[in-house]
Amino acid sequence: MPFTLTEKILRAHTEDPDAITPGNVVMVRCDLVMANDVSGPIAFRTMAKMGAERVFDPARVVIIPDHFVPAKDARSAELQKVLREWSAEQGVVFYEQGRGGIEHAVLVEDGWILPGTVIAGGDSHTCTLGALGAFGTGLGSTDIAACLATGEFWQAVPGTVQVEITGECRPFVTGKDIILAVIAQLGAAGGTSQVLEFAGPGAERLTIDERLAVANMAVEAGSETGLFPADDTVASYLQGRTDAPWTAERTDPDAEVTARLIVDLDSTPPLLALPHSPANVVPLEEALGRRIDQVYIGNCGNGTMTDLRQAAEVLRGRRLADGVRAIIVPATQATYREAGAEGLLDVFVEAGAMVSTPTCGACFGGGTGILAAGESAITTTNRNFRGRMGSPEAEVHLANAWVAAAAAVAGEIVDPAEILEGVPV
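Residue numbers 2 to 426, in my numbering, belong to the letters of the sequence shown in order.
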């Protein structure tokens, strides 16, 4: 019987593989459970109420504070204290601030994520981990508590929306634009109860950084995760990061899928999501001239070296426009150090930007870059809901790093080509 990639992964992680049919509810075993400084403390309390004293396997639980790092007030400091003390008592893996970074990027970078594995994360953007061919899905804190105690969670088996990516990226088009193109087709809820599976020659050409950017926003279409079949690119990335065995699987050619979409990169321009929805997608040319007060480059899917290099290419030798502030956030400490070694951090500071320690910060409205009423921002983050980054009277535009950096120089949304003036991409 033919199966989708998602069905193959779930069949290998349940006691009842014959029940793996879209819509059925099954219990799924976790290879890894992750929580942060927002989801963790709630999950710990719930686990205690369940009467569970110990986690199912300390070696498969990773706790990463990143949302309120560094702590912005006494309350957020207390949350991190709870994480620190609970992790020590349970003997689980704990990433102290300054030693990790943003959770999803850290898990990928440090070799925790293998193709075909199942990761339960206490954060909605756990879908990012699908970039490596894993079923990473975000759960609420009550379900994370159950995962911590038992190593299992319930899952309604999702269908598969297969996204075929064809062609090659045009200048200033990135993984960010690919996922915005998908969300433009599906809408904010078109992927509900589905997995977005990215296939085709265009998908295979994407780097891991680009795949992270694509998978990161699968949840913005309501999807369970965004999944790339593992290939030679993934194998090369994992060399030196892990020696654990894994097997590359793909959707069978005649497997039943819910729908098929096509993203033709040859005809896809740079895209933006206008306020106040990731599904409010327009071509760059329809957003030109919009005034920008703040530029934010970073997050769990767009704080990679690829994003930082693109931003630096625009900012090198230039200055931020008067009245514009910019915040650059490498996703991990390792990325921060690599960017420093390449001289990128100097480029940002010389341009007048602020470089932050790895943190979720302003991405979710937690700190380090909150917007005031009436302000407008352009950001490489994944959500632009009203009030997401501060005042409900502020406006947030989602875009790739080329476009965001160009806006920092111009003070308004512009075509990056205008700033680079013919400099080769």
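Please note that a few of the clues may not be correct.
[To be verified] Okay, the calculated beta carbon distance ranges per label pair:
(1) A418 <-> D19: 40 to 46 Å
(2) D253 <-> K50: 38 to 44 Å
(3) P270 <-> R310: 18 to 24 Å
(4) R310 <-> T22: 22 to 28 Å
(5) G318 <-> A60: 46 to 52 Å
Treat the hints as calculated values from the structure; they're not laboratory data.
Note that this is a predicted model, so its numbers are computed, not measured.
A virtual CB, placed ideally from N, CA and C, is assigned to each residue, including glycine.
Hint by hint, which ones does the structure fall short of? 1 and 4
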